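J.: Taken in sequence, the protein lines are chains A and B. The letter at position 285 of the first sequence is residue 284 when you use numbering that gives the first Met the number 0, and the numbering goes up by one with no holes. The letter at position 97 of the second sequence is residue 96 when you use numbering that gives the first Met the number 0, and the numbering goes up by one with no holes.
For the record, the hints were derived by calculation from the structure and aren't laboratory data. Watch out, some of these pointers could steer you wrong.
Lysine to aspartate or glutamate pairs mimicking DMTMM-like chemistry, simulated, CA-CA at most 25 Å apart [to be verified]:
{"id": "1", "chain 1": "A", "residue 1": "16", "chain 2": "B", "residue 2": "222"}
{"id": "2", "chain 1": "A", "residue 1": "78", "chain 2": "B", "residue 2": "318"}
{"id": "3", "chain 1": "B", "residue 1": "336", "chain 2": "A", "residue 2": "266"}
Quick caveat, the model's predicted, so the values are computed rather than measured.
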Amino acid sequence: MWEMTIGIECHVQLATKTKLFSPADNDSRNAEPNSKVHPVDYALPGMLPVLNEEAVRLAVRAGKALNSQIANISRFDRKHYFYPDLPKGYQTTQMYQPIIIGGKVDAPLDDGSTLSVRLHHAHMEEDAGKLTHTGSYSLVDLNRAGTPLIEIVSEPDIHSPAEARAYATELYNLMTFAGVTHGDLYHGNMRFDVNLSVAKVGSDQLGTRTETKNLNSFRSIERAAQYEFNRQVALLEAGEKVTQETRGWDDDTGKTISQRSKEDAQDYRYMPDPDIPPLVLSQQDIAMMQDGMPVMPGEYRQNWLSLDLDKSVINTVLSHPSVAATAESVRTAYGNEAAKRVFNWFASAGEFDKSAVESGTVGSRRLGKLAQMVGENKLSSTGAKEVFFALFEEQNLSKTVAEIAESMQLIQISDESAIIAVVEQVLASESSQKAVEDIRAGNDKAIGFLVGQVMKQSKGRANPALAQKLIRERL
Amino acid sequence: MTSRILSYLNRSAKENVQQAILKAKQAESYHALLSLTEERALEQATKVDAGEITGRLAGVPFVAKDNILTFGGKTTAASKMLEDFTSPLQATVIEKLEAEGAICIGKANLDAFAHGGSTENSAFGPTKNAKDPMRVAGGSSGGSAVAVALDIVPFALGTDTGGSIRQPASFNGVVGFKPTYGMVSRYGVVAMGSSTDVIGPITNSIADSELVLEVIQGADPKDMTTLPSYFKPISSAKPGKIGLIKEHMSDNIDPSVLAQTRIAVEQLEKAGYSVEEVSLPMIEHALAMYYIIVPAEVSSNLARYDGVRYGHRSDNAQDLAALYGMTRSEGFEDENKRRIMIGAYVLSSGFFDAYYLQAQKARTLLIDQFRTVFEKYDALIGPVSPTPAFRLNENTKDPIKMYLTDTLTVPANLVGCPAISIPFGSTPEGLPIGVQLMTWREQDAKLLALARELEGKA
Numbered sequence: 000m001w002e003m004t005i006g007i008e009c010h011v012q013l014a015t016k017t018k019l020f021s022p023a024d025n026d027s028r029n030a031e032p033n034s035k036v037h038p039v040d041y042a043l044p045g046m047l048p049v050l051n052e053e054a055v056r057l058a059v060r061a062g063k064a065l066n067s068q069i070a071n072i073s074r075f076d077r078k079h080y081f082y083p084d085l086p087k088g089y090q091t092t093q094m095y096q097p098i099i100i101g102g103k104v105d106a107p108l109d110d111g112s113t114l115s116v117r118l119h120h121a122h123m124e125e126d127a128g129k130l131t132h133t134g135s136y137s138l139v140d141l142n143r144a145g146t147p148l149i150e151i152v153s154e155p156d157i158h159s160p161a162e163a164r165a166y167a168t169e170l171y172n173l174m175t176f177a178g179v180t181h182g183d184l185y186h187g188n189m190r191f192d193v194n195l196s197v198a199k200v201g202s203d204q205l206g207t208r209t210e211t212k213n214l215n216s217f218r219s220i221e222r223a224a225q226y227e228f229n230r231q232v233a234l235l236e237a238g239e240k241v242t243q244e245t246r247g248w249d250d251d252t253g254k255t256i257s258q259r260s261k262e263d264a265q266d267y268r269y270m271p272d273p274d275i276p277p278l279v280l281s282q283q284d285i286a287m288m289q290d291g292m293p294v295m296p297g298e299y300r301q302n303w304l305s306l307d308l309d310k311s312v313i314n315t316v317l318s319h320p321s322v323a324a325t326a327e328s329v330r331t332a333y334g335n336e337a338a339k340r341v342f343n344w345f346a347s348a349g350e351f352d353k354s355a356v357e358s359g360t361v362g363s364r365r366l367g368k369l370a371q372m373v374g375e376n377k378l379s380s381t382g383a384k385e386v387f388f389a390l391f392e393e394q395n396l397s398k399t400v401a402e403i404a405e406s407m408q409l410i411q412i413s414d415e416s417a418i419i420a421v422v423e424q425v426l427a428s429e430s431s432q433k434a435v436e437d438i439r440a441g442n443d444k445a446i447g448f449l450v451g452q453v454m455k456q457s458k459g460r461a462n463p464a465l466a467q468k469l470i471r472e473r474l
Numbered sequence: 000m001t002s003r004i005l006s007y008l009n010r011s012a013k014e015n016v017q018q019a020i021l022k023a024k025q026a027e028s029y030h031a032l033l034s035l036t037e038e039r040a041l042e043q044a045t046k047v048d049a050g051e052i053t054g055r056l057a058g059v060p061f062v063a064k065d066n067i068l069t070f071g072g073k074t075t076a077a078s079k080m081l082e083d084f085t086s087p088l089q090a091t092v093i094e095k096l097e098a099e100g101a102i103c104i105g106k107a108n109l110d111a112f113a114h115g116g117s118t119e120n121s122a123f124g125p126t127k128n129a130k131d132p133m134r135v136a137g138g139s140s141g142g143s144a145v146a147v148a149l150d151i152v153p154f155a156l157g158t159d160t161g162g163s164i165r166q167p168a169s170f171n172g173v174v175g176f177k178p179t180y181g182m183v184s185r186y187g188v189v190a191m192g193s194s195t196d197v198i199g200p201i202t203n204s205i206a207d208s209e210l211v212l213e214v215i216q217g218a219d220p221k222d223m224t225t226l227p228s229y230f231k232p233i234s235s236a237k238p239g240k241i242g243l244i245k246e247h248m249s250d251n252i253d254p255s256v257l258a259q260t261r262i263a264v265e266q267l268e269k270a271g272y273s274v275e276e277v278s279l280p281m282i283e284h285a286l287a288m289y290y291i292i293v294p295a296e297v298s299s300n301l302a303r304y305d306g307v308r309y310g311h312r313s314d315n316a317q318d319l320a321a322l323y324g325m326t327r328s329e330g331f332e333d334e335n336k337r338r339i340m341i342g343a344y345v346l347s348s349g350f351f352d353a354y355y356l357q358a359q360k361a362r363t364l365l366i367d368q369f370r371t372v373f374e375k376y377d378a379l380i381g382p383v384s385p386t387p388a389f390r391l392n393e394n395t396k397d398p399i400k401m402y403l404t405d406t407l408t409v410p411a412n413l414v415g416c417p418a419i420s421i422p423f424g425s426t427p428e429g430l431p432i433g434v435q436l437m438t439w440r441e442q443d444a445k446l447l448a449l450a451r452e453l454e455g456k457a
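With the rest of the complex left out, here is chain A (with noise of 0.2 Å):
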């Protein structure tokens, strides 16, 4: 029996307004390539970097948001390699002194269980630009040179696609909690790398590893460490070696390709900057930096532990730090009924649009308004829904949520009289008697097909309890 050994790097990018030693924009999203470009992007002669504070204070956040200890001292290093994505030649990172030492993940994984991945270190660099071949010649854009990136490298801790997989969407979650990275994973804001090795179960030795890299979902992370895993037990059962190299993964044919040997592996040359003058934080530098962090998902699961909600809700509302904090503010306003309501529509919401959430246009006072309106028998749960889907729209922004329901006329019927008449008009009817005279005869059961039929004549505006009380009453 085969065993497999995964460890993850992680380069988030971090949301600054600049790159990370220029003043030039860092968001280049739908730009026109090399417009986003500055003297020191393009390594001009004489050009000298200029460290964003901001990055570091992003940086000094997300190792709070991984548990982990903040150099007091670090370091940046010039990594050099030649190529045309590369203006300067090298690539600034930290190689022997990083700003982020040590960390842990908790992860929840399916069955309810915690994976807790180490991590190593996370330092800062700056990412490449991007190449475009076509047939014979390569365009170069350096829109995305110079931004700023945290690399986050985990121990080997992981030890099943589904672990990389919890592993990889709690770090997403940390890091768009802890606000370091817009998260926009089509973007690119975050990339993962996955090393892994196989090895028989019990064995004390590491087999050999690939790492594949670039992955940017995560179900991408999941498929591609379990075709990594057939693959390297497949060649050791038919008594071949796994080569180390570098491989890449093709999300339509779900395979990963050799891309780079380590025969191949570059010397780096790896030199201490002598630009950048050491990065010297004191413990109150630190504290300051870290003061105000948002509440992370950990915690939010702990706060939500009395909602007794199914996990796959409670991880839907933690997919994006809007809908949890809007979710957590129902909660602490309206108490745990509401609560409750907010998460399960949210839960099965499917595709909404977070950023009315971000915003607060779709904010807690309406949801905990609208939940509210259910526990009162205004609304039914069904008609409740349709209101919150109704929220998003654009035309209901300026109206309240019982605007927007009388409006949609979904406000249930609570008045007796009303309901009486559609009650006495079931009652009568023909398909209705076989019903009337089962509960006669004590089959309590079909008092359920007689409300909903005066639902249905309501068209879902009687209140169901009433309707059920107005019915026995008339048995």
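Take the given structure of chain A and dock chain B to it, following the hints.
T.: The following block gives chain B in isolation, referenced to the frame of chain A:
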């Protein structure tokens, strides 16, 4: 010595510029300048004369070493790599000088990328010594020193990574000042050895160096290694204790250089200073450290010249590897390649600890030794260069011999302390000799005041 700069103030800037350009053209055979920035210089002069620009150096012409980015023409670093390069921005030092009304009239020759000690490594031909055109100008700021020695301009900017201001200054009989590391912004100066590069003035007098330093010093938000302004000239130094560097007074030094240094010591004693011989054993290893650390930084700093974004690009390359290889092979001079190779070697896996790291540890010991010595002594004295200016082509076939000419100047760079080359007499044949003084970091004002004791007193 009286200030040459002061004589340019309160005169027509346009006339100053025209005169300087005329002198430059008359002195073309020395090849001190690679280009003239005549058009822009005249534009600036018009602004100064119209009172649009005023300042401490209003209308004073100068030349900048051609590894300093300026408007008005090309910045080539005297290399084929940047033969046609024009910069979209100016170095901080140039901006500061222009803000005070100084006017750059041309770009001075240097060893390509400042690699060398004779200006013979310039891709565009050597500069000739101002006193003897059969001899080298020294380097790498050879063009800057000769331009001042020939009185084309009253001051020039040079850069000093291992002696590149002081040695050519001594070879041409002018004052060369290497400031404390970080006193002057490196922004916009083609990087050579980032941990030792400094920009400084070459002038005819100490007073002029002080004038220029006051303008170009100071913290630059674009250079993290700069220090806040601290330099304020002082008229005279308080007589104190000076150490004569024992290791720099060895038999390897030319007798006439030793003799002039001893006379300088006597001069200081006459002025009330007590001078005694002091030993700094680590200084013997300074050259070895320098030729590991600086090539390492050179190999890194020159990696950007790859033909992709600007500068020379080989026409003959068929693939990426060839583009890099051929561009760099064609664009760099032999000495550039030599240093890149040494640097890549000492940084490579398996050799990093033995060379680069070891050299940095030794550098720390050297700095400690200087710090200790400066607790006891106000300044150190010694020669600038082991020999006066040598003949053109005398050392070009022997890189090691050429490197040895840096022996006496590199310690100040490795330590980061200020150092000055002050002209002090000459050889029997009339070749200028310089004497070197050093103080601890940020004591630039004291160093200049002390140097005044030797100025014009040979």
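J.: All hints, please: hold or fail.
T.: Right, here's what the structure says about each hint:
As the CA atoms of residue 16 of chain A and residue 222 of chain B are separated by approximately 20 Å, the hinted pair is consistent with the 25 Å bound. For the suggested pair residue 78 of chain A and residue 318 of chain B, the alpha carbons sit about 23 Å apart, so the restraint of at most 25 Å is met. Restraint check: the Cα-Cα separation between residue 336 of chain B and residue 266 of chain A comes to about 19 Å, which is no more than 25 Å; the hinted pair holds.
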